[in-house]
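Asks: Residues per chain, in single letters:
Number of protein chains: 2
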Amino acid sequence: MPRPLRYVGVIGRGGLVAIRLGIVGTGKIVRDQHLAAIAGNPAFALLATADPAAAAMTGVPHYPDMAAMLAAHTDIQALAICTTPQVRGQLVLDAVARGLHVLCEKPPASGMAQAQAMADAAHAGGVTLFAAWHSRFAAGVEPARAWLAGRAIRSISITWREDVCHWHPGQRWIDLAGGMGVFDPGINALSILTALLAEPVTMASASLEVPDNWQTPIAARLAMRTASGLPVAADFDFRQQGPQTWRIAVETDAGTLALDLGGAHLTLPGQAASPPAPDGEYAALYARFADLIARGESDFDLAPLALVADAFLLGERHPAPAFTH
Amino acid sequence: MPRPLRYVGVIGRGGLVAIRLGIVGTGKIVRDQHLAAIAGNPAFALLATADPAAAAMTGVPHYPDMAAMLAAHTDIQALAICTTPQVRGQLVLDAVARGLHVLCEKPPASGMAQAQAMADAAHAGGVTLFAAWHSRFAAGVEPARAWLAGRAIRSISITWREDVCHWHPGQRWIDLAGGMGVFDPGINALSILTALLAEPVTMASASLEVPDNWQTPIAARLAMRTASGLPVAADFDFRQQGPQTWRIAVETDAGTLALDLGGAHLTLPGQAASPPAPDGEYAALYARFADLIARGESDFDLAPLALVADAFLLGERHPAPAFTH
Chain A
1 MPRPLRYVGV
11 IGRGGLVAIR
21 LGIVGTGKIV
31 RDQHLAAIAG
41 NPAFALLATA
51 DPAAAAMTGV
61 PHYPDMAAML
71 AAHTDIQALA
81 ICTTPQVRGQ
91 LVLDAVARGL
101 HVLCEKPPAS
111 GMAQAQAMAD
121 AAHAGGVTLF
131 AAWHSRFAAG
141 VEPARAWLAG
151 RAIRSISITW
161 REDVCHWHPG
171 QRWIDLAGGM
181 GVFDPGINAL
191 SILTALLAEP
201 VTMASASLEV
211 PDNWQTPIAA
221 RLAMRTASGL
231 PVAADFDFRQ
241 QGPQTWRIAV
251 ETDAGTLALD
261 LGGAHLTLPG
271 QAASPPAPDG
281 EYAALYARFA
291 DLIARGESDF
301 DLAPLALVAD
311 AFLLGERHPA
321 PAFTH
Chain B
1 MPRPLRYVGV
11 IGRGGLVAIR
21 LGIVGTGKIV
31 RDQHLAAIAG
41 NPAFALLATA
51 DPAAAAMTGV
61 PHYPDMAAML
71 AAHTDIQALA
81 ICTTPQVRGQ
91 LVLDAVARGL
101 HVLCEKPPAS
111 GMAQAQAMAD
121 AAHAGGVTLF
131 AAWHSRFAAG
141 VEPARAWLAG
151 RAIRSISITW
161 REDVCHWHPG
171 QRWIDLAGGM
181 GVFDPGINAL
191 SILTALLAEP
201 VTMASASLEV
211 PDNWQTPIAA
221 RLAMRTASGL
231 PVAADFDFRQ
241 QGPQTWRIAV
251 ETDAGTLALD
261 LGGAHLTLPG
271 QAASPPAPDG
281 EYAALYARFA
291 DLIARGESDF
301 DLAPLALVAD
311 AFLLGERHPA
321 PAFTH
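Chains as they are written, first to last, in UniProt numbering: chain A, 1 to 325; chain B, 1 to 325.
If you're looking for bench data, these hints aren't it; they were derived computationally from the structure.
Simulated restraints on C-beta separations: (1) A/Asn213 to B/Thr74: 53 to 63 Å; (2) A/Ile29 to B/Thr74: 49 to 59 Å; (3) B/Arg295 to A/Glu199: 25 to 35 Å; (4) A/Thr74 to B/Trp167: 47 to 57 Å; (5) A/Ala233 to B/Pro64: 28 to 38 Å.
Values in this document were obtained by computation on a predicted structure and should not be read as measured data.
Quick reminder that beta carbons are idealized off the backbone N, C-alpha and C, glycines included.
The whole structure should be built from the sequences, with the hints applied where relevant.
Replies: Dropping the structure here:
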């Protein structure tokens, strides 16, 4: 659950010393979000990047893989691991075994057993492991959680519909086994859901649409419930053209709370819609990562991944027409 | 992990007082295994059974559901919940909320989020929750674990091939969403695997064969690895005619250890095969359940279920011909 953020650097003999960082996997999300967030945070100094399929891009040395990068930069203290999910887990385990602090892009592992092994290894090794559920740091999420804490919730409805052709053009990893399909964005909604609620959520049933040329679902309808029996419905679809929808609506005894734009925009009952705040999710992620390292803590919540695993485990699959993105 | 078993009853004012037990779900496994194990254990007194689809069978009162049974027998202290997995989880959560100790047939929950909620609720409520991985109590498992503890393992190979038509005739729940298909027996192998090893196991990749008229896999090939990198291969198949195979072979620096007959039959390198011991798995399960209640402890290991969830999450699905059982 997101906590109030505060800036905590690492204090060395000479004063504030930046954490020496490497990035593993330099795909779209790194170009779109990580680099600016790191550049804007004096707690981090980016030393190098690694990716077998990308060129150098940042003015720092670039390597074909994590091992080569770490061999050349033995002073790296922390990694942001942002590869595709299929290879992320083993890299994280290797990094933790080397005593490095790790920020894991979401989803933090390719499966639950691996995630548990990662958590155990980080705990045993005394390093910080951070599951970077970026949507939990969207501007509306923490105010929504605080407002809901005093209300009786009746039901929750999630609508997460976006155009995979726009957001993941040609990214085949998302439709291959292990790529999670529409749960790649959908897990963001589940990360917000599990941060908003004070009680656990479980999967009751799921209906998954799987295109003939995909291994993963392109759409999903989920029926979840909280421990106290409240219904939570979710509608995920990757074929949304026109306006995109990332909305969580919470019915309460005091009216409907709505989070739109993936958590950025909060509307409380009876209040005028406030303008969306500027996107500060990744800036907040890196502030939190620095904070965790300074405190010697980890933040590795697996609740969103467990719900995705359960949707695959329990879900009824229905064929859908082939779809190319 | 199985520990040495010892008999511990519950000591009341009048001496040894049996734990008052109810059974929820009275299908094949209850008739085949649970009733005899309970009858043979003086630590338990069976008070009643509940199942909407079965008739009374044991000389004790029978009810259409758990709520009716508990309303009529308010002195029940513990439940064995043996329904199909699709409905088991919520019943366990309800039972734990009533302050009852619970033995859960395997798999203990329909998903990982639910399993975690069950563990948390039992911990908060101070009741015993026991995930009854019966294969861990097969005669060869504990001796195998002890022998392996002193050896260097090189690789592990699991072959679990049985005839669904023989073992689950007409049981449609096994091929419906949430029924787990060939992982229903396969999870037994995974429960032994995770009990044999001192380190965690994760799923690297999986190939699943799914018949056109099934929602769940009828066969699976799994590539797992241990935290130290040892390969673990598994071959599960539900279409095995003729001899049935439930075998785990462990290659070590001191030769090959083989567990056959689902863990009942242990062969150590250079030793003559010992005759299979009589089947005592469910007797040992109930002894362990009584022991846990007496100690005020739970034993709710989710490692086998996590591996199954991961096989569904990561697995590549391949169509297979329709199959009726």
